[in-house]
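Colleague: Sequence:
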Amino acid sequence: MEKSEAVETEELVEAMCEVLAALPDTVVRHLEREPNLGGRGRPDALVDISIRGHDFQLVVEAKKELFPRDIHHNIWQLQTYSESRQLAGEQVPMLLARAISKGARDILQIEQVGYFDSGGSLFLPSKTAFVLIDRATPKKARRRLDSIFRGKRAQVLQAIIAAWPDWVSVKELAEKSGASPATTSETLTEMEKRDWLEVEGAGPAKLRRLKGRGPVLDEWSRIVANQKRPKLERYYVPASNSEDLARRLDHACRETGAPYAVTAEAAAQAYAPYLTNISQLKCRIRKGRAQTEALRLLDARPVSEGWNLGIIDSPASQDVAIGEEISGICYAPCVQVYLDLLQGSGRSKEMADHLRAERLDA
Numbered sequence: 001m002e003k004s005e006a007v008e009t010e011e012l013v014e015a016m017c018e019v020l021a022a023l024p025d026t027v028v029r030h031l032e033r034e035p036n037l038g039g040r041g042r043p044d045a046l047v048d049i050s051i052r053g054h055d056f057q058l059v060v061e062a063k064k065e066l067f068p069r070d071i072h073h074n075i076w077q078l079q080t081y082s083e084s085r086q087l088a089g090e091q092v093p094m095l096l097a098r099a100i101s102k103g104a105r106d107i108l109q110i111e112q113v114g115y116f117d118s119g120g121s122l123f124l125p126s127k128t129a130f131v132l133i134d135r136a137t138p139k140k141a142r143r144r145l146d147s148i149f150r151g152k153r154a155q156v157l158q159a160i161i162a163a164w165p166d167w168v169s170v171k172e173l174a175e176k177s178g179a180s181p182a183t184t185s186e187t188l189t190e191m192e193k194r195d196w197l198e199v200e201g202a203g204p205a206k207l208r209r210l211k212g213r214g215p216v217l218d219e220w221s222r223i224v225a226n227q228k229r230p231k232l233e234r235y236y237v238p239a240s241n242s243e244d245l246a247r248r249l250d251h252a253c254r255e256t257g258a259p260y261a262v263t264a265e266a267a268a269q270a271y272a273p274y275l276t277n278i279s280q281l282k283c284r285i286r287k288g289r290a291q292t293e294a295l296r297l298l299d300a301r302p303v304s305e306g307w308n309l310g311i312i313d314s315p316a317s318q319d320v321a322i323g324e325e326i327s328g329i330c331y332a333p334c335v336q337v338y339l340d341l342l343q344g345s346g347r348s349k350e351m352a353d354h355l356r357a358e359r360l361d362a
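The numbers in my numbering rise by one with no breaks, and the one at position 219 of the sequence shown is 219.
Rather than coming from a laboratory, the hints here were simulated on the basis of the structure.
The model shown is predicted, which means the values in this text are computed figures rather than measured ones.
Do not take every clue at face value.
Unchecked claim - Below, a list of computed lysine-lysine pairs in the DSSO-like style, where the Cα atoms sit at most 27 Å apart:
| id | residue 1 | residue 2 |
| --- | --- | --- |
| 1 | 171 | 139 |
| 2 | 139 | 102 |
| 3 | 64 | 102 |
| 4 | 193 | 152 |
| 5 | 152 | 127 |
Taking the hints into account, I'd like the entire structure generated from these sequences.
Modeller: This is the structure we're talking about:
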């Protein structure tokens, strides 16, 4: 059962006060909830604190979540509260939330507005004291923030990244990504919160496009870097080289009706050549009887060493996205290839940087 907004606000304020009280030479002197400032509206709390003998007041407003789109309005609201109560001492605006996106944190630090989240991260930019505690976001809140990068929503992200700089509708994106119109619309709303989109029109005629690929790729790559590598099923397939193996893979999958997409180093080499030779091929093949038959046709033998065919085993295997078909071979979308390279080893991260520079940042 979801907690009431009032209970969540109270818990956040109490948690912030506990973290503050634990700081060296810090005293939380007074906490006043929902004070009447005599003006329009009221903050959720006023907290009087002292750090190393310097007294100041925190003007606190709590939100469920904080994203870049609404930050400036939240800051204006806090400033309005402060101006309605003229005090001789310093007042520091503070925003509290269960989860605060990285983009929102960056803006708040630039604007010198304090923040606190349910994981205990704290930013307090007083004139007489500066506090920055950066802690991991709680798992539940992190799942909520990162959900846009998983499942069907991730396919919508890939589609709008591929469409840039063109304007696209919900209907067009749904068709390109294979996601439902409802999921597509929800994903775009989440992207708007993060201030990643330009918007034009309204209703069914509403169009959107990325402001740029960089912020989305930066956030996605940061999340992927902290994820566990997906399981890789390793096989040895008789083939003279990776090009021969790719042709054999394509033939076997077409014969058995198994959707597949080559990714990682072999795909990066096709999109933006970087290395002189690729000895191993990684791919996704939809699980099921067709995959089993394709492996049989390939005469693929499971091995732990000396492999040349790796099948990425992940939930996404059920939805094998194809970006381009080059020389008859199906390759994963550039974004997926980039993300898979980031989770690779050896020179894969070099290839990721090269692919991004050549195909995604251009």
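Colleague: Evaluate each hint against the coordinates.
Modeller: Now the hints, each set against the structure:
1. Proximity of residue 171 to residue 139 is assessed by CA-CA distance (about 33 Å); at most 27 Å being required, the pair is judged violated.
2. Straight-line distance between C-alpha atoms of residue 139 and residue 102 comes to about 15 Å, which keeps the hinted pair within the 27 Å bound.
3. Taking the CA atoms of residue 64 and residue 102, the gap is near 15 Å; set against the 27 Å cutoff, the hint holds.
4. Proximity of residue 193 to residue 152 is assessed by CA-CA distance (about 18 Å); at most 27 Å being required, the pair is judged to hold.
5. With a CA separation close to 46 Å, the supplied pair residue 152 and residue 127 exceeds the 27 Å bound.
Going through the hint list in order, the structure does not satisfy hints 1 and 5.
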